[in-house]
Amino acid sequence: MLPGPMSLAIQILRICTVSLALGVALLWLRGIPPAPSAAGATGVCSVPEAFPAGTAWIAQDEARQLLGNPAVVFVDCRSTLQYQAGHIASALSIPSDQPAIPRAVERVLAAAASIVAYCDAHSGCESSHRLAARLTELGYPDVKILRDGMPGWLERGYPAESGVCRLCREDEP
Amino acid sequence: MIRGRALLVLGLRVLLAGVFVWAAIPKLLDPAEFALSIQNYRAVPEEIVGHLAVLLPVFELVIALGLLLPRYQRGAALLATLMLLVFAAAMGQARWRGIDLSCGCFGAALEAKVSWLTVARTFGLGLLSALLLFAAREPPPARVHPAS
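Chains A and B are the protein sequences, given in the same order. Each residue of the first sequence is one higher than the one before, counting from 848 in the working numbering. Each residue of the second sequence is one higher than the one before, counting from 15 in the working numbering.
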C-alpha cells in the first residue's frame, strides 16, 4: 500500500481520468449541446434552443436611436407591476402572460414599421422571445429583441419613465 | 461493533453520494438546459459552456461512485469539497453582482433561484465533504492486491 498522501493523489488522478474519459466519450457520442447564446454575442440574453432561429436582436445604442421615431414601437414584456415601476419611455406593456393583445395596442403595432421587444434580461429573456414569436406569427414583419433588455437600458441612463400604460388595458368585453 | 466515527463517515459518504447522483441525473438528461444555466452565471467563457454542461454531471457521477468505494472515498471527498466550494463561489459572485438566476443545481425540475440560502447550502455541503476527508481513514490493504 502506498503512503497516505501519495495514495490520495492517485485516487484523485484516477477519478479525474475516469470522469474525463467518460465525459469525452459522452461528448463524442451525443455532441456538444449548442451554446445558448449566439456566437460573439456580448449580451446577457441567451437564446434557448426552442426559440426560432430567425430571432433578430437589436443593440442598445441602435435602439436608443430609434426611440422617438414614430414608426418604431417599444414593447415591454415584463409584468404589469414591473412596467409601472419603470419602463423605456413611450413603451407599451404586453405582459408575456397576457392572453390577448388589446385592440388599441394591436392598432398601434399594425401601424408600426418595427417593433422592439424587451424584458428583464437577467431572467434569460424568454418572455421577449415568446412575445416576438407571437407577434411574428400574427404577421408583424419586423420584430427585434433588445439585447440586455431593461437592465442594460437603465445602466446606460437612456430615457425611461414610470406609470401605467393607458392604451394597454385589456378590452372591455 | 460500529464506532461513532465509522458511522459518521458512512453517513457522510451515502449522503454526499446521494446528493451528487441526484444533481447529476437531470443535467445528464438535458445538457442544453444545463448549458443555459451555466451561461446565466456569466462566469465562464461561452466557448466551453457546452463542454462543461456534459463534463460536470459526469464528474459528479464519478465522484459519487468514488465516495461509495472505500478505496477512493478520500480522493472523492477532496474533489467533492473543491467542486462544492467552486459552485458556492460561482453562486456567491452571481448573487453579489445581482444576477437573478436559477441555480441549475438539481436541473430545471427543481428550479430554485440562487439566494444566499442556496450559497450557504452549497458551502455547507462543501464543509461536510471536508469533514469526510479528514474523518475517513484509509481502508486496510486488500488481501489480494494487484500491483499497480
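No lab work stands behind these hints: they were computed from the structure. Just so you know, even glycine gets a beta-carbon here, dropped at the ideal spot from N, CA and C. It is possible that some hints are incorrect.
[To be verified] Example chain B residues on the side facing chain A (calculated, C-beta under 8 Å, incomplete): (1) GLY64; (2) VAL68; (3) LEU69; (4) PHE73; (5) VAL76; (6) PRO84; (7) TYR86; (8) GLY89; (9) ALA90; (10) LEU93; (11) MET97; (12) ALA103; (13) GLY106; (14) LEU141.
Now for the hints, and whether the structure bears them out:
Below 8 Å, beta-carbon pairs count as interface contacts, and GLY64 (chain B) has one with chain A at about 4 Å; its hint therefore holds. Of the supplied interface hints, the one on VAL68 (chain B) holds, with its beta-carbon coming within about 5 Å of a beta-carbon of chain A, less than 8 Å. Checking LEU69 (chain B) against chain A: minimum C-beta separation of about 4 Å stays under 8 Å; hint holds. A cut of 8 Å between beta carbons decides the hint on PHE73 (chain B): the least distance to chain A is about 4 Å, and the hint holds.
Residue-level restraint check for VAL76 (chain B) holds (minimum Cβ-Cβ distance to chain A is 4 Å; threshold 8 Å). Interface hint at PRO84 (chain B): violated, since its Cβ lies 11 Å from the closest Cβ of chain A, which is beyond the 8 Å cut-off. The beta carbon of TYR86 (chain B) is positioned within 8 Å of a beta carbon in chain A (closest approach about 5 Å), and the interface hint is therefore held. Hint on GLY89 (chain B) holds. Least Cβ distance to chain A is approximately 3 Å, under the 8 Å limit.
A cut of 8 Å between beta carbons decides the hint on ALA90 (chain B): the least distance to chain A is about 6 Å, and the hint holds. The criterion of a C-beta within 8 Å of any C-beta in chain A is met by LEU93 (chain B), whose closest approach is roughly 6 Å, and the hint holds. With a least beta-carbon distance of about 11 Å to chain A, the hint placing MET97 (chain B) at the interface is violated under the 8 Å criterion. For the restraint placing ALA103 (chain B) at the interface with chain A, the shortest Cβ-Cβ distance is roughly 20 Å, beyond the 8 Å limit, so the hint is violated.
Taking 8 Å as the C-beta cut-off, the interface hint given for GLY106 (chain B) is violated, the closest approach to chain A being about 17 Å. A hinted interface residue such as LEU141 (chain B) counts as satisfied when its beta carbon comes closer than 8 Å to some beta carbon of chain A; here the least separation is about 19 Å, so the hint is violated.
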